[in-house]
Every structure is written in structure tokens, then in C-alpha cells.
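Undergrad: Here is how the chains run, residue by residue.
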Amino acid sequence: MHKNSLIQLSRALDRREISSVELTEIYLDRIARMDGKYNSFITVTAELARAQAREADQRRQAGNNGPLTGIPIAHKDIFCTRGVKTSCGSRMLDNFIAPYDATVVEKLRRAGMVMLGKTNMDEFAMGSSTETSFYGPVRNPWDLERVPGGSSGGSACVVAARLAPAATGTDTGGSIRQPAALCGLTGIKPTYGTVSRYGMIAYASSLDQGGPIARSAEDAALLLTAMAGFDARDSTSAERPAEDYSTHLEDSIEGLRIGLPREFFGEGLDSQIGAVIESAVKQFERLGAVVAEISLPNTRLSIPAYYVVAPAECSSNLARFDGVRYGYRCDDAADINDLFSRSRGEGFGAEVKRRIMIGTYALSAGYYDAYYLKAQRIRRLIRDDFHRAFAEADVILCPTSPTVAFKLGEKTDDPVTMYLSDIYTISINLAGLPALSLPAGFVGRLPVGLQLIGDHFGEARLLNAAHRYQQATDWHLRAPEGCG
Amino acid sequence: MDWEPVIGLEIHAQLATRSKIFSGAATAYGALPNTQACGVDLGLPGVLPVLNKEAVRMAVKFGLAIHADISRRSVFARKNYFYPDLPKGYQISQYEIPIVGRGSIEIEGENGAVMRIGITRAHLEEDAGKSLHEAVHGMSGIDLNRAGTPLLEIVSEPELRSAKQAVAYMKKIHSLVRYLEICDGNMQEGSFRCDANVSVRPRGQTKFGTRAEIKNLNSFRFVERAINYEIQRQIDLLGSGGRVVQETRLYDAERGETRSMRLKEEANDYRYFPDPDLLPLELSEEFIAGVEATLPELPDAKKHRFMAEFGLSAYDAALLTANRETADYFEATVTASGGQAKLSANWVMGEVMAALNRESKDITQSPISPTLLGGLVRRIADNTIVRSNVERRRRCRHYHRYERP
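Residue numbers (my numbering), protein chains in the order written: chain G, 1 to 484; chain A, 1 to 405.
Isolated chain G, as found in the complex (with noise of 0.2 Å):
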């Protein structure tokens, strides 16, 4: 049953072979007896999802259900979940049970989703490999030697590992994508505003999105479509009408403008994945799609642009765990100073350290013009590029990451290098753009991710051109060894 999609779940649940008792019993399994080695759940919440469980299939039964009720889901443990141990892969949080439901919680538990569990991530989700977290490293199911990609490194582990048909992810510069490239998976970051960022722990709250990781562009619409709308609790939240990204997953993509952005084919880009993203391409010509080189000047700017901004709102943000109210308070303070400091000196992990440290300095006075308003200006170039691409492109396409999944430990000496593995997906949140990773090959035994970039709101056809690329080809089928 596990092999199935969630959209072939849901057929069964309908058709009645399966309850949704049996197949969150299946899950829970698999959970228990394979995820020692992935270390992908922080926590595995088996009693209520059973509850959960039961409760779906009487809605089931009541027939007053929604084509998610009854599916197993599985959290990022960066959305706050009511009851639940809501860590966010930090020490700061490990005793931190959150008293409410974030949005997208409570939006998937309404359409029926059956919660497995929290997943594990780089700490406040700052990181390309899951390596920060202080639950440890989660291991890549197509190689455990090697990373499954970050920060959403759990939900992506646990999504190609079959341990849930799907899971939450979020995305400040490319947490759900990388994952999702790295371990064989599709997944969508939409546009700013489109998932509520409420009871989801800020990041960097200017370019923090949520979103779903799965294994199809069809299962990722219809977790988008319960997932995304106008909440009045995120005053970012975009008021438009509600949409849903199932409905034109059929439309053909004949004559759809598919620009390659030339700044992200060169330097540093592994030959052996620019061989696969370029038989993609010729892959969505045979599909009717007309391609065009475009560019995108700034490209080289992002990083810099982005490791000022991501840290500076996230210096602010993360003020609030001081140990006073909740989270970790050190032992024996001396006095206030000494509790704050000492606090977050020993609840933070070196990378959220580094960035809070980074971010405090570029605000300071005297600072602030030369970084975080230089770093606005660029975000504002940044912008006007995809803007000028996409008077030419209806979509953007180009590789995720610049490399296959990497091994355990290969970067972390080097945060730089680790930085550079966001290297084509940072301009996209800097941008406040949708795009998706979808699989597009291997290199060896390594799934290779392609990217789709699309113009604000555009999920849609985002989602549409995956699809149509999915029905075409089986990469998106493929599941690690011992997990099919």
C-alpha cells in the first residue's frame, strides 16, 4: 500500500479497500521498524494519529470527506501543533509543547490529513542538509552515507522513504526544494503570501514559505490546494480568492514559453546534471514547449544579498528565545544578563549562533545602509530581472542544486561552501516567486532535481507543466532501494 501515490490513496479510500485506520497502522509500521536508520521523526505522535485515523474514517463513512481524509501526513517540526512537542530542530525548543495549531495544521487536519508525526530539520531551519539539527543528521534513503538536503530534510527523507505519502515542508531559500532534488521528490514553493506563515516558526519572515513535499505534481496540487488561502492572523497573507491547483494539471503545455536562464548553466554546475536537466528539456519540447535562453544578471548577486537579509530578520526573530517564558533557561543565572546570554549561549546550535551573530551586525548602526538597505536594493534588481524573464517566459527552468545529494560531513567545516548549495534557489524567495523541484534523472544511483520557476501566483502552471512532464516520463517513480 505504501507504494501507492496519495492521489492512489485517496481512490482506495473511496473505493473502500483500505481504511484510513489500516493505512495509518501501515505507516506507523514502516515508521517503527526502518526509521532508526533515517533518523527523519524528532517525534512520532502514533496515539493521535490513530485517533485521527478513526475519526477520518467515520467521516468516511459519513460521507462528509474530502479527498485527503484519511491520508497520513507528516509535519516539519517547524509548524507548532497543539499538544505536540514543537522543536524546531533546536535544544532551545526540545521542551516546548505548543499550545496552538499553526494554520496549515489546522487547514490539513480539517481536510481530514492524519498527522504521523514532526519531522526533523536543520535547527530553526537554518541549513542545506539536516546537519544542524540537534536531533542529528537525517540520512538520504538513496545513499545513507549521504544527506537528504535541508532545511526540510525529514520531510523529504521521509516522503522518499515511504514513511508518509507526503509532508510539510518550508522554503526560505530553498528548504523544500533542495530536499525534494536530492532525495527524488516533487516539491512546491509558492509564491509569498499564498501559505499563512501563522504557527510557522519564523526564519526570515520576508522570504519564509510553506508547502508541500511528495512524489507528484498531482499529489503536491492537491496538498497545495488544502494547504494554501488567505489567513487574517499573517497580515502577509495575500487576499486573493481560493485556488485550486488540481484543475489544469491536464492542460497541454503546447506552445508554453519555457525560458533557460544562461546565469545558471555555467560555473560550478556539475556536467553530469546539466546533461540531465538537458534532456528534461528536450523532453518538454517533445511536449510542445517552445525554449529560449533568457538571462538573469543578478543571479550572482543572490547569495550575498540573501546571507545579509535571511540573517538579519532572523537576529530579530529568534530574540524571543530568552529563556524567560518557555524553552530552555540555563541553570543557576547569576542574574538577568547572565540568563539571557548563558540561555541562548548553550539552547543555540553554531549555525543559528553564526547567523544571529552575522544578522545583529548588519543591522547596527553605522551598518545598516552598507548591508541590510544594499541587500534590499538588491533584492529589488533581483526582482526586476524575473520580471524582465518573464515578459519572454511563461516558465523558468533550470537545475535545483548544483551537485547530487553530498556526504554526511562534506560541508559542515565550511559554511560557505554548504551556502553555495543554495546557490539556484535563493533568487526565487528573494523574489517572493513559485517554483518547483521535480525529479529529472540520476546521476548514478542520485536523483537529480529540476527546477520550474514561475511568475507570482503562477503554481498552477507550474504544476501543469510538471504534471504533463510526470506523465511523460517514470523518474518520479523511482523509490530507493529497499523502499519501493
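Computed far set for chain G versus chain A, every beta-carbon distance over 10 Å: (1) 15; (2) 286; (3) 350.
Partial pick of chain G residues on the chain A-facing surface, computed with a CB cut under 8 Å: (4) 93; (5) 200; (6) 236; (7) 313; (8) 319; (9) 322; (10) 324; (11) 364.
Simulated from the structure, these hints should not be mistaken for laboratory data. Everything numeric in this text was worked out from a predicted model, so none of it was measured. Every residue, glycine too, gets a C-beta built ideally from N, C-alpha and C.
Given chain G, put chain A in place with the hints provided.
TA: Frame of chain G; chain A shown alone:
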């Protein structure tokens, strides 16, 4: 040397909204600690601020009343610092672009001449919580009921030249915010308080001297005393060859002196930046016009009307319009008296005020209603009652009889 004081005030007026500026929790004063603080006020992980429109409306109302520029687009910024009763580790305020820009009000100077005092800006911000050092034995407690309460910070130009002028200015703003019904003006509860920036310079010099900021003054009397103390301290210091250092000082009401709290060098670098959780606040012309339509008659306009309509002196008119309740009481009395304005004014400012002062009551608590007083005035005016008889009977009958219905 002849020294000239230079004073600017930053007044914090707590806006009289029912709920907080960025959350739905109640703002009522005096509840048990932490019973009026929701997840947003506690700064829980994942929560987000949502701006209270009523607070915006009130700020605009104030801006219109002081004839200020209303920013069609203003920006909320984070002021970052660590403090145990500051739940998020930052305060949401406005920094570079406040909602209310330059405006002014008129006050009466010592010599009776009208002075126009510039108001640099007024911006919206959230209040912090309170640390309770006596509530729990051996520990400090935190009460976050006040956290997130909306404040309007009103910043004057450094155009005040004496403690008396500073008090006159503060009283004028106090009266204004109460007229506008945007602040209850309760200084004991901290709803209306100010910081004073004080410096001195040799008279005739245009350059400002180094200033000290006196924090958290919550009565008119303290404002006057603290500023006078600070002026004298600085003059003495400079006169004896010393230097004023830029610093924050606290006023000790018991000792009647100001004391250094922290030097400028020890001050926080607040690392202000636009709050990414809140979009820039954009105000439409319709919204502003809508607020304008709700503006009541303002104290100055009322004063001039009282002079023109009732033939009152400037002094009497000012006294009767000092607060909205007194003005309303007076006007109701005039109506009830059949238009006996001068006699009504004398009674309100004389007997009624005196009796209320004796009982430490304000005009809204007067046991004698305007209707009753107006009737009395009418009878005196037509000589049905002789004034001296009224005065004799007043204490034993009307006042006490109506005090306990």
C-alpha cells in the same frame, strides 16, 4: 551667565482601544497578572501581529487635530533589545516613517502670549509588559497584561523654554487626547506619561547644549519639578566649569531630584529595521476623510466659540474648555438656565468647582446635575432666589442631599 533652557517632550498616550494594537487581547487595566495576554502578547514561537484598525483611526484623529501631515504610507519597524518584560526581544514601533508627521498646537506662555509649539511627529507603537519585583518572594515576576497595549508617542520640537511651558504643553495635549476620546488620560495608571529632554545654553546662542533625557514622568507636578531640578543641575554644572553628559536620568519624586540611569555610551543599539511581518500601512483619502468627519469641536475652537457666543473672557473660556466634561457641563447648565451664560460660568467655576475640589471629585462625579444648577441659576437671575440664601443653604441641603440618591 544668563542660561536659556531648551525642552522637548515625548508624550506616551495609551490609546483607548478595547483590544491591543497587534492582538485581540483586552487592554482593560487592573486585571490579574497575565490574564490579558494571548499568544501574540507572550511572543510565542510562530505567532504574528495583526494591526488594530481602531488604533490607526485614533492616531489619524490626533494628527488631524494638530493639523499635521498624515502619512499616506507609514512603516512599522522593530526596535530590538533584550528585556525580561519585552516578550519578543523587540518592540514594534515606527521609526523612519511615522503615521503622523509635522503639526503644532498653541499654548499660553507665562506672559499670557500665545505660543505655537511644533510637534515633530507622532507614531504608533506597542507597550511592553511589567516586571514585578515584589510579587513573588526571592524572584522577579513578569506581567504581560500591558504588553501590546497601543501607544501614541507624541514628540515635540525642542521649542519649550521653561518647565511651566512644558507643563502647559503637556496639559494641552492631555486635554486634546481626552477631547478626541483617544486616551483616558489617567496618569496614575500610566495611560499618559512623558519623557523630557532638557538642555541649557547661554541666552542668544543658537546651538543646543548637550541634553539629558528624564524618563517616565507621570504627573504634571513631577514634570515641572523634574525639569526645574534638571535645569538648575545643568546650570550649576556648567557654571562650575563642568560638562553635561548625554544620558538618561530618572526622577526620584521622594527626593525631588533626577539621577543618572545610563550614559549614552551604555545605550542600546536598537537595530531598527522595517518589520517584515507587517506590510507598510497605507491610508486612503476616504479613510482619512472618514476620520475627519468624526472630529469633535476642539478645545481652541470651543474656547473661541464660548467667547463669541457667551461673551466670556478669554480666561473664563479657557478654564471652562480645559476639558471636555467641564465644557459639556457648562453648556448644559447654560441651556437649563435659559441662556444665563455669565451667571452659569460664575457658578460652575466658583461654587461647583470649589465644592468638587473639597471632595476631590471631578465634574463627571458632581452630585448637582447641570439641569439642577441651570434651574437654580434661572431662579437667581429672575430674583426668585437671593444669592446669599442659596449660599447658606447649599452646604446643608442640595449638595449632600443629592450626593446619596
